[in-house]
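Now for the letters of each chain:
There are 2 protein chains.
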Amino acid sequence: MKIEGKDCRALWLENSIVKFIDQRKLPYKLEIFSAKTVDDVAFAIKDMVVRGAPAIGAAAVYGMALGKKDLQKTAEKLRATRPTAYDLFYAIEYMIEQITNGKDEFDAATKYVEDIVQRCKKIGEYGEKLIKNGMKILTHCNAGALATVDYGTALAPFRVAYRKGKDFFVYVDETRPRCQGLLTAWELHQEGIKHAVIADNAAGYFMKNGEIDLVITGADRIAKNGDFANKIGTYEKAVLAKENDIPFYVAAPVSTFDNSIEDGSKIIIEERGRSELAEINGKKVMPDWTTVKNPAFDVTPKAYVAGYITEEGIIKNKYV
Amino acid sequence: MKIEGKDCRALWLENSIVKFIDQRKLPYKLEIFSAKTVDDVAFAIKDMVVRGAPAIGAAAVYGMALGKKDLQKTAEKLRATRPTAYDLFYAIEYMIEQITNGKDEFDAATKYVEDIVQRCKKIGEYGEKLIKNGMKILTHCNAGALATVDYGTALAPFRVAYRKGKDFFVYVDETRPRCQGLLTAWELHQEGIKHAVIADNAAGYFMKNGEIDLVITGADRIAKNGDFANKIGTYEKAVLAKENDIPFYVAAPVSTFDNSIEDGSKIIIEERGRSELAEINGKKVMPDWTTVKNPAFDVTPKAYVAGYITEEGIIKNKYV
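Going down the list, the protein sequences come from chains A and B. Count along the first sequence starting at 1, add 14, and that's the number in the working numbering. Count along the second sequence starting at 1, add 14, and that's the number in the working numbering.
I should point out that these hints are in silico values taken from the structure, not numbers from a laboratory. Don't take each hint at face value.
One copy or two, either will do: identical chains are not told apart, so a pair holds if it fits within one copy or between any two.
Stated by the list, open to error - Calculated pairs, BS3-like style, for lysine-lysine (alpha carbon to alpha carbon, straight line, at most 27 Å):
(1) LYS316 / LYS256
(2) LYS280 / LYS222
(3) LYS256 / LYS39
(4) LYS125 / LYS60
(5) LYS146 / LYS43
(6) LYS297 / LYS87
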């Protein structure tokens, strides 16, 4: 991704130090967090200096490389950071295997990270074909380079299309409660891609007025039948897209397909705390007596999906 | 409406002083703004101490009563406060006519205000019939007593049902950008009605999970064919309600029907400023470089409406 005009990543290795774009400070300030030890890396994951499953996996492989001397203890520390992150555990196991088999720890880590980046780039190359000059495209939440080391998933097609010289405009849902749309806006702003943030309430208005031609979002988990879980509000946008005959695409690596889940009804949705809705960046935006309900994700049935943009190509949804 | 357990209104007359619930302070603090002069009343309207077309009309009739001695000058001052408010002009003309015809100014003002309150009460009585024990009901924005002197429009059925002893639960959309859902939450909290505020993104989730049985919103303007304009996001909720077979009702006095407008396509939507989205209560929630688009209202086609709850009864929409 471009940051202040230069090529950059969400995290990278530099002289045996793991450098992170500090996502706790975004979109307000660009700061680099330097992790010199395994403890620093564990802190970065736990405190959300880095977020997004693929980027957390990348942090873990670098952490394992730094802590090679006591592999089991390193693994233990890293596993304890975000106990529900699948990529984290996968990355740790991968490094244990590589190092145990005598592979160089930094080579192994680099290979893991480059693999993530290449998959995202491929998603961008396939997805780019959907973007025509003059299009207006909606995205929800942040499925960007910040979450995936580089390119992003939903944002990868935008990057590739822009770098090929295509002219298009992105509508960015604010994505309450956590306002991750602002991270997307920050990435697009850095890249130079034309965009505007809108209230989540306004997406339907723009769709109905013919001002949105395409929707691309990410996915947290895709069931065997194509139903998928993603940030709360994704289902709303998918229903509105269908009602207005706008194609809705999901961009995700094939590893997001979880064949152990038959359909979306089996996906359990996390209800999160009150403060996510009642505060923005630590500032109160609701009075103390306010009662809230805060589901963090929703499930969108496959019937609303035009296709899945993966690193192996676009899987058209025959049900649409 | 109930406030701190007592019967109250958004504004009232007390010893020739117009008292307002200061809506600039809500939902954080309950403060009374006292207007002793026409200038005070004009300030209250202009500075949004009072908001909502019917409540502004009520403020205007009280203002005219206070400034009876120089009717034309009073009318001029009040007309200049909110130049697009239809109820404001209507209320001023009404008072000029009444006073010119020798009617007592306070009697005339009281009659006007009681008429508004009675219409809202009637809306509540008709709408209450739609509410069954155990129902979960969604509302959007604030079509409450604060905007209409007492009862509200969309909130009137909740008040009447609650006072009859019905047991139900209200989901309140936050209603970004201006978060008027918090005013609704404040009214329900004061009344004792069970409710929770949700992110605008979450309404679809609850609908799909069978947790919403009914939707009631207000309307700013209803075209001859039944299409209606209301706060941004109303269209989204209406589409989602239809998709999930949930009846969607609009509560509004018959004066909201504007027969001079054939259909919704003739309603012009105001795009409002950046700060509404980028700030909440004067606190920045987006960085300075953020570009936004901020339509304030949307139009919902009649096909999504189950019926219109008015003071003359419920008009079922034959198109649904």
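Now the hints, each set against the structure:
1. LYS316 / LYS256: Both ways: LYS316 and LYS256 sit 12 Å apart in one copy and 19 Å across, limit 27 Å.
2. LYS280 / LYS222: between (32 Å within a copy, 14 Å between copies)
3. LYS256 / LYS39: neither (36 Å within a copy, 41 Å between copies)
4. LYS125 / LYS60: within (24 Å within a copy, 63 Å between copies)
5. LYS146 / LYS43: neither (33 Å within a copy, 51 Å between copies)
6. LYS297 / LYS87: Neither, since 38 Å and 44 Å both go past 27 Å.
This entry does not satisfy hints 3, 5, 6, going by the numbered hints stated previously.
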